[in-house]
Each structure stands twice: as structure tokens, then as C-alpha cells.
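These protein sequences, in sequence, are chains Y and C. All residue numbers in the first sequence are consecutive under our numbering, ending with 434. All residue numbers in the second sequence are consecutive under our numbering, ending with 434.
Think of the hints as simulated: they come from the structure by calculation, not from any bench. One or more hints might be untrue.
Copies of one chain are not kept apart here, so a pair can be met inside one copy or by any two copies together.
Stated by the list, open to error - For lysine to aspartate or glutamate, the following EDC-like pairs were computed, each having C-alpha atoms within a straight-line distance of at most 20 Å: (1) K206 to D20; (2) K44 to E75; (3) K110 to D220; (4) K332 to D161; (5) K44 to E240; (6) K165 to D255; (7) K110 to E202; (8) K67 to E186; (9) K399 to D236; (10) K341 to D55; (11) K341 to D255; (12) K341 to E214; (13) K244 to E90; (14) K203 to D232; (15) K206 to E27; (16) K332 to E23; (17) K239 to E62.
There are 2 protein chains.
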Amino acid sequence: IYENNDLEIKKLFKEVHFADVAEVLDEVSFDEAIYIIKLLDSEKTSEILTELDEDTREKILENLSAKEIADEVGEMDSDDAADIIGELSEERQERVINALEDDELAADIKELLSYQDNTAGALMAKELVKVYETWTVAGCMRRIRGQAKEVTRVHSIYVVDKEDKLVGRLSLKDLIIAKSDQKIAEISKAKVDAVNVNEDDEKVAKIMAKYDLEAIPVIDDNNVLLGRITIDDIVDVLKEEADKDYQMAAGISQDVEANDTIWELTKARLPWLILALFGGFISVSILGGFETAMDTYPALFFFTPLIAAMAGNVGVQSSAIIVQGLANDSLKGSLWRRLFKEVLQSLINGFVLAALLMSAGMLFLGFKVEIGVTVAISLISVIMIASIVGTFVPIILDKRGVDPALATGPFITTSNDIFGILIYFMIAKIILGF
Amino acid sequence: IYENNDLEIKKLFKEVHFADVAEVLDEVSFDEAIYIIKLLDSEKTSEILTELDEDTREKILENLSAKEIADEVGEMDSDDAADIIGELSEERQERVINALEDDELAADIKELLSYQDNTAGALMAKELVKVYETWTVAGCMRRIRGQAKEVTRVHSIYVVDKEDKLVGRLSLKDLIIAKSDQKIAEISKAKVDAVNVNEDDEKVAKIMAKYDLEAIPVIDDNNVLLGRITIDDIVDVLKEEADKDYQMAAGISQDVEANDTIWELTKARLPWLILALFGGFISVSILGGFETAMDTYPALFFFTPLIAAMAGNVGVQSSAIIVQGLANDSLKGSLWRRLFKEVLQSLINGFVLAALLMSAGMLFLGFKVEIGVTVAISLISVIMIASIVGTFVPIILDKRGVDPALATGPFITTSNDIFGILIYFMIAKIILGF
Numbered sequence: 001i002y003e004n005n006d007l008e009i010k011k012l013f014k015e016v017h018f019a020d021v022a023e024v025l026d027e028v029s030f031d032e033a034i035y036i037i038k039l040l041d042s043e044k045t046s047e048i049l050t051e052l053d054e055d056t057r058e059k060i061l062e063n064l065s066a067k068e069i070a071d072e073v074g075e076m077d078s079d080d081a082a083d084i085i086g087e088l089s090e091e092r093q094e095r096v097i098n099a100l101e102d103d104e105l106a107a108d109i110k111e112l113l114s115y116q117d118n119t120a121g122a123l124m125a126k127e128l129v130k131v132y133e134t135w136t137v138a139g140c141m142r143r144i145r146g147q148a149k150e151v152t153r154v155h156s157i158y159v160v161d162k163e164d165k166l167v168g169r170l171s172l173k174d175l176i177i178a179k180s181d182q183k184i185a186e187i188s189k190a191k192v193d194a195v196n197v198n199e200d201d202e203k204v205a206k207i208m209a210k211y212d213l214e215a216i217p218v219i220d221d222n223n224v225l226l227g228r229i230t231i232d233d234i235v236d237v238l239k240e241e242a243d244k245d246y247q248m249a250a251g252i253s254q255d256v257e258a259n260d261t262i263w264e265l266t267k268a269r270l271p272w273l274i275l276a277l278f279g280g281f282i283s284v285s286i287l288g289g290f291e292t293a294m295d296t297y298p299a300l301f302f303f304t305p306l307i308a309a310m311a312g313n314v315g316v317q318s319s320a321i322i323v324q325g326l327a328n329d330s331l332k333g334s335l336w337r338r339l340f341k342e343v344l345q346s347l348i349n350g351f352v353l354a355a356l357l358m359s360a361g362m363l364f365l366g367f368k369v370e371i372g373v374t375v376a377i378s379l380i381s382v383i384m385i386a387s388i389v390g391t392f393v394p395i396i397l398d399k400r401g402v403d404p405a406l407a408t409g410p411f412i413t414t415s416n417d418i419f420g421i422l423i424y425f426m427i428a429k430i431i432l433g434f
Numbered sequence: 001i002y003e004n005n006d007l008e009i010k011k012l013f014k015e016v017h018f019a020d021v022a023e024v025l026d027e028v029s030f031d032e033a034i035y036i037i038k039l040l041d042s043e044k045t046s047e048i049l050t051e052l053d054e055d056t057r058e059k060i061l062e063n064l065s066a067k068e069i070a071d072e073v074g075e076m077d078s079d080d081a082a083d084i085i086g087e088l089s090e091e092r093q094e095r096v097i098n099a100l101e102d103d104e105l106a107a108d109i110k111e112l113l114s115y116q117d118n119t120a121g122a123l124m125a126k127e128l129v130k131v132y133e134t135w136t137v138a139g140c141m142r143r144i145r146g147q148a149k150e151v152t153r154v155h156s157i158y159v160v161d162k163e164d165k166l167v168g169r170l171s172l173k174d175l176i177i178a179k180s181d182q183k184i185a186e187i188s189k190a191k192v193d194a195v196n197v198n199e200d201d202e203k204v205a206k207i208m209a210k211y212d213l214e215a216i217p218v219i220d221d222n223n224v225l226l227g228r229i230t231i232d233d234i235v236d237v238l239k240e241e242a243d244k245d246y247q248m249a250a251g252i253s254q255d256v257e258a259n260d261t262i263w264e265l266t267k268a269r270l271p272w273l274i275l276a277l278f279g280g281f282i283s284v285s286i287l288g289g290f291e292t293a294m295d296t297y298p299a300l301f302f303f304t305p306l307i308a309a310m311a312g313n314v315g316v317q318s319s320a321i322i323v324q325g326l327a328n329d330s331l332k333g334s335l336w337r338r339l340f341k342e343v344l345q346s347l348i349n350g351f352v353l354a355a356l357l358m359s360a361g362m363l364f365l366g367f368k369v370e371i372g373v374t375v376a377i378s379l380i381s382v383i384m385i386a387s388i389v390g391t392f393v394p395i396i397l398d399k400r401g402v403d404p405a406l407a408t409g410p411f412i413t414t415s416n417d418i419f420g421i422l423i424y425f426m427i428a429k430i431i432l433g434f
């Protein structure tokens, strides 16, 4: 698309937002991406790097020296820098950190890398504006002018005591409206939400979403202020969480993207398919056990896929509603009430569907009345059982500390297929007596 | 839990964050909720109202007079106020707006209510800090002290020309570091992202997430500044969007919650179940057409649920990956490349699963070799077709402007069930020749 005219490329990209440059780099060939990265200055490329696809970034980082990477991350906020260094091999991490010119940033990154994945510590940035409660507004403004240059966005100013323990917060607005000789302790808000550094990141996201916070300070067990988490990091956590639930519901076992390699995609898909295959085996055996019925009632066997499909669909509906309720903490009322509601609902759905099935089946497909009745009664029972299973499996999983979203995917479909077919043939045996 | 001791309740709730009070109110009986709402002062209750469940809020608003509601929304930001008034009947909307003491707020709410749902206009708030480019920093600080009291959070200060057209932006930080006699035009950033008031809200969410914006100004076609959207509103949009996709994948046709009435839940679930039932009918007819094969190869019929289930699972996996790729704008490469990738993947999965099936089926269930071979070949073909359908249906829907998430639910499962069974029996017919 473009000729190797360095100056023009430089000019072109200078005007463009770094997120857009990142998108271009994800598209172009790898050599071109490296070429462009080396062409632009590190202030811009460091921002581009944080926005790139993980795969593209990995390849680019492999082609930069430890020194070059250090120059890039030197321009970043500590959380982005730690994320990117965290993607490197341990040995390269060491070398990049040693190559950093800013010793404070190096120490911050080391600290951030030491926290476990998916905790508040791994998510937070060290950059924040901190003032001591004993300062005056005027002194504070002077100091903030210095600190704020390093912080991309000032959300809140955190007030600490002389032991660096968090005691309050302050907005820039409060500071601007205050008189210049007031003490910080007088104008700061003493009530400040904070999260522990070891808190789960999804929990942090929930807290910030619930209280509509734009930033939250992170403290250790002694209440000492360690860093802060901003809402843009939380948007990513929420997105990841939603993606994960969605993929689980679709039977994909790890975080994959359409552009991943065939090998990665297969690895993510095959395990659930094997599980489903074994479920299928069980249904084959069940059907095999009723082979004798085939001579008298061949039509019974035509309905097995229909019964299995309805069981699967109803089960997934029920479990999806529960999984979302659990995720939003919005499940109310006792388990008995829920059971009653689910049974009533499935009776309504079951009767409507059974009536449709009987009339259509006997009118258009010409099945005998006894087959119609058998299938209709089975359908109602299967829908009821499937919706109870779909409702309570996620609740039980959640109580045992397992992610309830597990229950929405092939797991619930497969087990409902098996239950459905078994119930269907047992009811048929009772009614038709083979 | 508590006796009717007004003072104690008041004291208890005074200390508690409004989001927590809202949670309590969602739990307690309706009379108690009304009682508590009337007890607390309107500054707190107005914030509680915005956090309540829609159902609880609706019931509470029904029991407040137009004047009482006007007092509540009078304390709110214009966007929250418009959301709540928007939930009332048209006639009550009119009365509440007329009862508002603040004429400016009333006008703002009227304006906000006039925008279409799911647009930037419906999402934005009118409160923002606006300065004219000709002002000096010192003058600006004075004016901001006035404006900022009305704005809960100052994200950016928007710079406009004398016709109120947006010309730049400024952060509080920039203002603090600037010299007091500088002109605003000198220190403001001329490049400012903005969205049109009629832009789709999901598009706005994407833009803000992509560029990591915490607030974005909203303009009309003439570039006149109308309002601003903050990232906490976007978090809600993203969450709703994820919930919608998830529910669609589970075959639930409208936004329901576990706590909705049985009637609402049935209405959301039944349509997809009826569709699945009709799909099931087609499979019954197909199987009925192959009835003659039953005498010679009864075992063939035992495998139909297994084949149908595998087709459904594979199809959902493929479509979920594509739907996520489309949602994240991360699908790259040509359709041919995608076809090639999908076929190769399904061949790998197919061969692994077919090998497992043949060995297990013949070893443990004692099926004949020709049945094993037939089922194995069918399984590979069905997996291939199902994954191609799962990949391309969402792509085609997306190109035609239909939400591709539609393709992940019962729709894809049902059609893959039918395709799967048809292919299976056709291959059986060719191999076994019945």
C-alpha cells in the first residue's frame, strides 16, 4: 500500500491516534510492522505496543533487544509496563528490567510482577497522586503540579498519614474550590473505598461497577497505600469475564480467537467434543437396550433426536438464566420457590409444545394416537426434568465454588440428551408395554 | 429484622453507601421499601432510586406523587433523571417535569427524552464544564468553581468558540499546571474526539473502549456541544450487550431475569422452543423416510442422537468464535482462508472423534465393522458441514445487517441437527446400499 518513503510514513502516523496505528500494525505483514515500529519515536510506539494484539506484540518483542524494549516500557505507566514485561520469558524479563533507566519504575514493575494473576495487585498501577494529611491546600497544589506530570489521569488524590496509611481522599475539584490556607485533613473525605492487594480482580470490577467508581486505591493488610486501579482496566476485566462465560456456554475451553492457529483452536474445542461423544455413546447404549421395541413401534425411534434436542434447549435456557442471575448477584428467594417457578414454567411450555406436537404429528405425519400420546407425555416430562437440571446444576456448582458458567455448555446439553432419551423410552415402555 | 424505630433506621442508613441501601430495598417487602424511602432525605433517596432494580423502582414510583418524584429527580444528574422519568407513563412524565423547581433541569430532561433509545443522545448528561477559548486561565478557574459544583465529576473541560461549537479540551491538570494569565486557547488541546448525538450507543462504547476515554463530548451536526457521556454509562452498555449475546446463544429471546414473572419468562423462552420443535419435526420426517433400513440395520438408528448432538455442538463452537470475532472487530483474512482453516480443523477433530467412536463402538458395544465405518465417515462429514455452517451463517447475517449472535442459539443447533441426520442417512445409504 505504501512505498518505503520513511518521511511520509512518519508524517502519516504522526497525525493518527495510537489505537488506530495498532490496528494497522495488526493487519500488515510482520516485517512491515517491525519496520514501522522502529521508524516511530518511542513515546508513540510505547502506546501502540499496549494496544496491539497479544500475538502481534509477542512477535514484535521477539525482534527487539532488551534495551529497545526497556526504552519502550520506560515510557509506559507501571501497570502497562508490567503487563508487557510479564509476557516475556523470565530470563528476558530480568534483562529488560536491568536495562531500564528509571530505577523507581524498575522497582515498581518488579513489585507488580510479584502479585498473582487476576488479583488487584496485578491490575493496579503505581502512579498516583498522594498527599499527606498535614499539608495545606497551597502546599498541596505545588506538590501536585510535580506529581501530576507523571500521572496520565488524576482521578482522586489520596490522603495518607505519616506511615503512608490511607486515611482519605480528595478530588481535584475539592482542591480547586478550597481556600489555599486550609489543611488537607479539613477538606478531605474520610470515607474512602479501597481494595486489598490480594482481592480477586472480578470482585474489584463488581465493587467499582456497583459504586460507580472511576478509580479505587489498593492497600495492603496494614492499610498502606500501594497503588490504584482505574476504570479502564475494569472495562477489560468485565469484557474478558463476559467472553469467558460466552465461550464456556459454547463449549470452548480456553480463551481463543478466530485468528489463532488451527492447533490452538483444536485444543480449545476437542475436549468438550470428546465429552459430548461419550455422552452420545451412553445414548447409543440406551437405545440399543430398547431394540426389541423396534419391531412393534418403529416410529418411537424417529422421535429420539426431537426429544433430545428439546431437552438440550430447555436445559440451556434454564441454566443461562441462573448463571446470569448468579453473575449479577440478583437471585432472590428460596430454592423451593425457584423449584416451584421452574416446574410451573416448564409445565406451561411443555403443554403448549406437546399440543403442537400431537396435532401436527397426527395430522401431517400420520402417527398413531398411542405414539402421539406417548411422545407428548414424554415431552412434558423431559422438559420438566431438563429445566430442573438446568436450574440446579449451576446453583450447586456455585455453592461448591466451581464457576457455574460451566453448566451452560455441552455439559448440560449432553446430560440432558441422555436423561431425555432415557425418560422417553421408560415412559414409552410403561404406556405401550413392550 | 428491625422494629419501627425511625431514628435508628435513619442513623443506620445514613452511614451506608446508597448502592447498599438499594440492595436492601430490592430484598425487603414493598411496604417496607416505601417506608424507608419516605424516611430518608431526598439527596440520599435520589441516589438510591438510580441504583434500584427496574421492577422495584417502578413499584415505588407508582406510590409517589408527581411532586415527590420531582423532588427526587431534582437531585439527580440530568441523564439519570431522564432515565427515570422515561420509565413513567407519558402523562405522568408531563406532570413530573412541570413539578420540577429547576427550569434548566426540566428543559435538559425534555431534551434528553427527545432522543431515540440506544443513541448517544439518550446516554449523555447535560452537566459538563464548558469554557470559552477567549478566557484566561485565572478567569476560567473562577468560572469553573461555579460550574463544577453542579458536576459530580469533572473529567475534561470542554473549550468552545462563541457559537458554542466544540473546539478543544483541557484537563483540570492542564489548568493547574498553567500560568494564570495564559489564554485558554493557548493551553487547550485542539484535537478532541467527539460523537454525534445520533450515534449508536454500542458504537460509542467501542470508541471509548478503544481510545481508553473516560468521557466523550456529544455534538450535533453543526459541531455544537450538547452534552457528555462518561465511562460508567459505557460499562452498563457493554454489560447489557454481553448479556444480550449470552441470552441469544441460550435461546432466550428478550431481556429476562431469574426474578421476572413466570409469564415473562415463558414469553421469552417459548418462541425458540417452538422453532426447535419444528426442526425436530423435520428430523422425524427424515428418519421416517428411511424406515425400510430398520430391518437390516437397526443399529443405525441408535446413533442418530449422537450424530445430531455432535453436529449441534460443533456448529455452536464455530459460530461462537465468529460472533466474538465480529463483536471485537478482530476477524482478519479472506473468506477462503477462513474456510480452509475451518475445514482443516474439523478434519482433525473429526478424525480423532471418529477413531474414538469406531474403536469404542466396536470393542464395547459390539457393532459390526460396516456400521462402525458408516458412522465414522458420517461423523467426519457432519462435523465438517456443521462447522462450515456455524462459521458462515453468522458472517452472512452480519453482512446483511442482522445481529450475528442470532446464529449461536437454537437456530444453529436445530439446523445442524437436521443437516446432520440427513447427511448421516445419505452416507449410510451409499455405503450400506439399502
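Hint-by-hint comparison with the structure:
1. K206 to D20: between (30 Å within a copy, 13 Å between copies)
2. K44 to E75: within (9 Å within a copy, 43 Å between copies)
3. K110 to D220: within (17 Å within a copy, 47 Å between copies)
4. K332 to D161: Neither: 42 Å inside a copy, 53 Å across copies.
5. K44 to E240: neither (26 Å within a copy, 34 Å between copies)
6. K165 to D255: neither (38 Å within a copy, 45 Å between copies)
7. K110 to E202: Classified as neither: same-chain Cα gap 23 Å, cross-chain 38 Å, threshold 20 Å.
8. K67 to E186: neither (47 Å within a copy, 37 Å between copies)
9. K399 to D236: neither (27 Å within a copy, 27 Å between copies)
10. K341 to D55: between (47 Å within a copy, 18 Å between copies)
11. K341 to D255: Answer is between; shortest inter-copy Cα gap is 18 Å, intra-copy 35 Å.
12. K341 to E214: Neither way: K341 and E214 sit 39 Å apart in one copy and 42 Å across, limit 20 Å.
13. K244 to E90: neither (27 Å within a copy, 41 Å between copies)
14. K203 to D232: For K203 and D232, both the intra-copy (15 Å) and inter-copy (17 Å) Cα distances are at most 20 Å.
15. K206 to E27: between (34 Å within a copy, 19 Å between copies)
16. K332 to E23: The answer is between: 11 Å across copies meets 20 Å, while 44 Å in one copy does not.
17. K239 to E62: neither (28 Å within a copy, 36 Å between copies)
Going down the numbered hints, you'll see the structure goes against 4, 5, 6, 7, 8, 9, 12, 13 and 17, while the others check out.
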